[in-house]
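There are 4 protein chains.
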Amino acid sequence: MPFQIHAELHYQVLQRTTVLLNLHALATANQKLSDESFQITPGVAWEELPIETSGENRYIRLDTGDVTELDITYSVTAETRHEMVSHEALHDLSVSQIRRSALPFLFPSRYCQSDRLGKLAGKEFGGIAHPYDQVVAITDWIFENIDYLSGSTDAGTSAFDTVTQRAGVCRDFAHLGIALCRALSIPARYFTGYACDMQPPDFHACFEACIGNHWIIFDPTRLSALNGLVRIATGRDAADASVATIFGKMQLTGMMVSCTSPDFQPLGPDDLAGQAIVLDS
Amino acid sequence: MPFQIHAELHYQVLQRTTVLLNLHALATANQKLSDESFQITPGVAWEELPIETSGENRYIRLDTGDVTELDITYSVTAETRHEMVSHEALHDLSVSQIRRSALPFLFPSRYCQSDRLGKLAGKEFGGIAHPYDQVVAITDWIFENIDYLSGSTDAGTSAFDTVTQRAGVCRDFAHLGIALCRALSIPARYFTGYACDMQPPDFHACFEACIGNHWIIFDPTRLSALNGLVRIATGRDAADASVATIFGKMQLTGMMVSCTSPDFQPLGPDDLAGQAIVLDS
Amino acid sequence: MPFQIHAELHYQVLQRTTVLLNLHALATANQKLSDESFQITPGVAWEELPIETSGENRYIRLDTGDVTELDITYSVTAETRHEMVSHEALHDLSVSQIRRSALPFLFPSRYCQSDRLGKLAGKEFGGIAHPYDQVVAITDWIFENIDYLSGSTDAGTSAFDTVTQRAGVCRDFAHLGIALCRALSIPARYFTGYACDMQPPDFHACFEACIGNHWIIFDPTRLSALNGLVRIATGRDAADASVATIFGKMQLTGMMVSCTSPDFQPLGPDDLAGQAIVLDS
Amino acid sequence: MPFQIHAELHYQVLQRTTVLLNLHALATANQKLSDESFQITPGVAWEELPIETSGENRYIRLDTGDVTELDITYSVTAETRHEMVSHEALHDLSVSQIRRSALPFLFPSRYCQSDRLGKLAGKEFGGIAHPYDQVVAITDWIFENIDYLSGSTDAGTSAFDTVTQRAGVCRDFAHLGIALCRALSIPARYFTGYACDMQPPDFHACFEACIGNHWIIFDPTRLSALNGLVRIATGRDAADASVATIFGKMQLTGMMVSCTSPDFQPLGPDDLAGQAIVLDS
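These protein sequence lines map, in sequence, to chains A, B, C and D.
The opening position of the first sequence corresponds to residue 1 in full-length UniProt numbering, with each subsequent residue numbered one higher.
The opening position of the second sequence corresponds to residue 1 in full-length UniProt numbering, with each subsequent residue numbered one higher.
The opening position of the third sequence corresponds to residue 1 in full-length UniProt numbering, with each subsequent residue numbered one higher.
The opening position of the fourth sequence corresponds to residue 1 in full-length UniProt numbering, with each subsequent residue numbered one higher.
Just chain A, same shape as in the assembly (with noise of 0.2 Å):
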C-alpha cells in the first residue's frame, strides 16, 4: 500500500540550536520509500547521519547557525507491507530463548520504569497464560484505564505517573504499555510514525512487543489502523525517537503532517481474527 506523507514544522528560533530531526521514514525490508524531499528554510548546515549499524533511526542533524525562524519540510511515498502471523505461530519462549537483539528491550529506560510495576503487572496480568494474550489484555486495560487527554502531560512524565494519573497521549499510553511488557518480561520498544487517515492528524506513537521472537505492533489508543502505521523510529521509549530533541532554544511555532493512501482499507478486529500484525521483523 503506498502511503503519501507530508510534514510541515516551524519553529522560532530563539538562540543558537543544534536539533537533532528524527521524521524521515525509515527504509527496512517491508517499507520503501520513494519520491523522498526534505527542505529547510531559511538555508541552514544540516546533514543525514550516516545509519552506521542495522536497527538505528534516520538523523538529521541541523545547526540554526544565526536565523530566527525555520520552516521544515519533509514529503515521501511509503510502499509498506506488514506480515500476518497467526496466533499458534507466537510461541511463547522464555527470556531464555528470546534472540538477543531484542534483550535490551527488556530493561527499564527513561519512560518506563518496569522495574517499578513488577506486582501490579503480576496481579493485573500474571494470571493470563500466553504473553500474546498478556499484551492484548494490557493494550485493553490502557485503552479502558486512562483518559486521552491532549494537554495532560507534558515531556518528563512517565510511565510510572501515568499509570497513577491515568490520563496522557499517544507517547504516554505507548509508554506505559511499554513498561508493563517489559515487567512481565516481554520484550517491548516504542514506536513512532505516520499513521494513515488518523483524526487529529499529527505524529502516532504506539508500540512494538517480542512474542514469540516476532515484533508484534499494538496500539492503545485504538486511534490508528495497525495497516496504516509508516515507520519513523524505533527506539527504548520517546528519549530515543523524539521528532526533535533541541540542543538550544527554539519553539514550535506551526505544525502539520498529513499521511493518505487513496484505497486505504484500515483492517478491524474482524480481519485480525486470530492474526497479529508484524511490520518489521
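Where hints are given, some of them may not hold.
[Said to hold, decoys possible] Looking from chain D toward chain A, a few residues come up when the C-beta cut is under 8 Å (computed):
hint	residue
1	Ser96
2	Ser101
3	Gln113
4	Gly151
5	Ala155
[Said to hold, decoys possible] Chain C stretches covered by chain D per the calculated footprint, using a threshold of three residues with CB under 8 Å from any CB of chain D:
hint	stretch
6	112–121
7	174–182
Hints in this document: simulated from the structure, not taken from any laboratory.
In this text the structure is predicted, and so the values were computed from the model without any measurement.
All C-beta atoms, glycine included, are put in the ideal place defined by N, C-alpha and C.
Using the hints provided, position chains B, C and D relative to the given structure of chain A.
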C-alpha cells in the same frame, strides 16, 4: 471492653537526641484509661505535652542527654466503647455539608497525595453511588491488590508509590485508603493504635473516613478486629502520628507490644451486617 | 499602617462545584480589619465557616448550584503592626524547648518533604551555628539558585522537585524554604497574604520560621516588603492555604489583586540590621 | 599492565530463573584477555551471547533449571593500555560536531534523568568555559556533596533522587555524573569493571564523558585508580550493565571479587597534570 496494653521499646542512642513519643492511649469520650504507667530507664528528662486543643495527640517529649541506651515501658488499661451506625444513617453529604473539623482531612498530605489520584479513584470507584460503599470498595481493593509484605517499604513510601508498587505494611495500606478517599472528596484520617490479639503483635495503623459526618473506621489489612482497637493518635498521615519522631540519632533495637482482653469476641462481617463502626465521633 | 486591599476573581463554572475560598484577611492581635466587604455574583449559597480554634484560617464555603459564572469581590482595610526582634533575642532552642504549638510544623507535609532533604540541608547549612543565620542562608540560597519563572511549575510541584528543577513561583520558593528549615529541625509554616505594592500584583506566599519561639517572616523571592504583608492564612503548606480549593470543576478566567497604602515605606535591609520581623507571635 | 581478576558469586535459587550475567571482561583494542575461565556449579544450561555489533557487552545467559544453589566463578588476566590525552587536544565541540555513535549518550535514561537537571547543571557548572573543566567540576562536586554510604540506596535509586538525598554508592555517583554531563549536552556513559586494589574489593562503576570526541574516564568516588580499571561493560546506565539481570527469583548469598597486579602503581593527580585518560576510544 477493657484491654490490657503493654509496650516496650529499646533504643540505642547514637548521639544526644530529642524524641517525640506517641504511644500513650488517648482519653476520649469512648475510651477511658486506668492504671497507666510510663517509665524510661535510665532516668532522662521528659515531659508529657499538655493537650491544648481537642483532637491533639498525647506526646511525650524526652531529651536523651548523654545516655547510650533507653528502655521505655508503657502500660495501661483502656475501656473502650464503640458505636454502631446503620448504613441508612450514613447520609451522602456533599462537601458543602461536611462539618468544618473534617475539612482539613480533605487536603493532600505528605504520604497521601490525593491530588494525584483523582482520575484513578474516579475510574475505579467513581461509579459507586454512595460514599460508604465507595470506602468499602476502596478497602476491599487495597486488600486484594496490595501485598502485605514486611520490609517492602520504608519511612519515605507514600500512597503514590504504593498504588503502583503494590506492596506495603499497615501504614502503607492506611495511606492509600486515605488518599483514595480524599481523591473522592471524602475526608479521611490516619488512625494508630493497639489492636487486640493481632498477629503478629505490633502497633497498628488503619484509617477513618467521614461519611454522613460520622467517622467510620476501616482496616484494609483485615488484620485487626474493628472492635478491638485502642486509639493512640489521629492525624493527616503517619507524619502526625509516628510512635517516635526522632530529632538526632537513635536506633530501635527491640520492641514488644501486647493488647489483650480476657473475654474479647472479635466482630466479624456477619456481626456488622448493615452497620458501620464509629470509635470516636 | 493601613492597607487597602481589593481582590476580584472570575470563574467559569463547568459543573456544580463546592469551593473553599481563602482570600479573607485574618483578624489577629497585630492585624485589625475594617470596612470589609465580600460579594458573590450571581447570588449563590455561601457561608463563612466560624473559627473554632485559634490559628485556623477563614474559609468561605460556597456551592455554585447551577450558575455558569462567578464573580467574587473582596475588599478590606487592614491595619497591621509588626514586631522587631533583635537577633540577640532569638535564642538557639533545641527541639526539646520548642513550644508545643510549633511542633506540627516540624513534620513533613505534602509539598515540603523535609524527611528527604536532611543530608542536603545538613551539607549546605549544617555548618552554620545559629538557626536564624541558617534560615537567612536558606532564603539567600533559594533566591540565588532558583529561577522565578511563571508557568514553570504546577499545583503538583513540591520542594523535592524544586530543589532539583531550580525554577518556580512564590509558592515553590516558600515550600522549599519550609522543607529545608524542617530538615534542620526548625519549625516552619506557610504564609499567604497580600503584599503592598508588589509587582506584578498577585496573591503572595512566603514562610515563617520559629526561632527562639518567635515566628520570623522570610521571603525568599525578595518580591515583597516584609512590613507590607497582610496575612490571609497560615498552614503547613499550600494544601492548607489555597485561595480556592475546588471540589468540582471550574476555571479561573480572570483575577485582579491590589494592596496599597498611601504612605508605605518598605523596610529595606538597612532598616532591618540586626533585627528580624515578627508578624504574629 | 596485566591484572589478575577473580570473581565468585553464590546464589540461592528460589524458583526457576533465567539470568543475564555480565561479569566477563571485554576484549577491546586496549584490553587483551588471556587465561579466561568461567564455571557454574552445579552444571546448568548456559551460553555466551555472541557480540553482533561493536560496542555490545558480553552476556552469559543461563537457565537455572531446577537447581537450588549456584556457584559462579570467573577468572581472567587482562592486559590493559590507556591513552593519555593532553587537555589541549580536548576540543570544545558543539553537539553539531559530536560523532554519531556518542549521540545516544546525550539522551536521558532510566537512572539518569538529565532532562530534569538542566537548570541545576546550568547554574552549578554552566559558567565554566570548557566541557572538560565542567566534567572535572561535576566529579569534584559529587565527591564533595554526596556521602558514600553502603546501603543508603537500592536498585530503584536514580540521579534525580541522589542529587537531593545526597548519599549513595558507586553506581549512584556514576549515575549523577552522567546525568549532569548530559544536562550540559556532554555525552556520558556508564562504565562497570574491576578496579585494581580497590578497598573494599567489589565490582566498580564510574563513567566516561565524550569530550572533543574522546571518551574520558572519571571516577567521582575517588575509590579507584584510573589506570587500574578493567572494563566489563558500557551502557547508558546500570540498566544496561548489571552484573546480573535476574528474570525469576534468586538471591545473592555471597560474593568475592579481586583484581590485583604485582607491580601496580596507581596514577595520582600529579601524574595526570594536564592530561586525561582514555581507556577505549
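Counting residues of the stretch 112–121 of chain C that have a beta-carbon nearer than 8 Å to any beta-carbon of chain D, does the count reach 3? holds (count 4)
Holds or violated: is there a CB of chain A closer than 8 Å to the CB of D/Ser96? holds, 4 Å
Quick check on the hint: D/Ser101 CB to chain A CB, less than 8 Å? holds, 7 Å
With a cut-off of 8 Å, does the beta carbon of D/Gln113 approach a beta carbon of chain A closely enough for the hint to hold? Hint holds; D/Gln113 Cβ to chain A Cβ min 7 Å, cut 8 Å.
Would you settle whether the hint for D/Ala155 is holds or violated, based on the nearest Cβ-Cβ distance to chain A being less than 8 Å? holds, 7 Å
Closer than 8 Å Cβ to Cβ for three or more residues is the test here. Does the stretch 174–182 of chain C pass it with chain D? violated (count 0)
Would you check whether D/Gly151 satisfies its interface hint, that is, whether its CB is within less than 8 Å of any CB in chain A? violated, 19 Å
Figure legend: structure checked against the earlier numbered hints; hints not met, in rising order: 4, 7.
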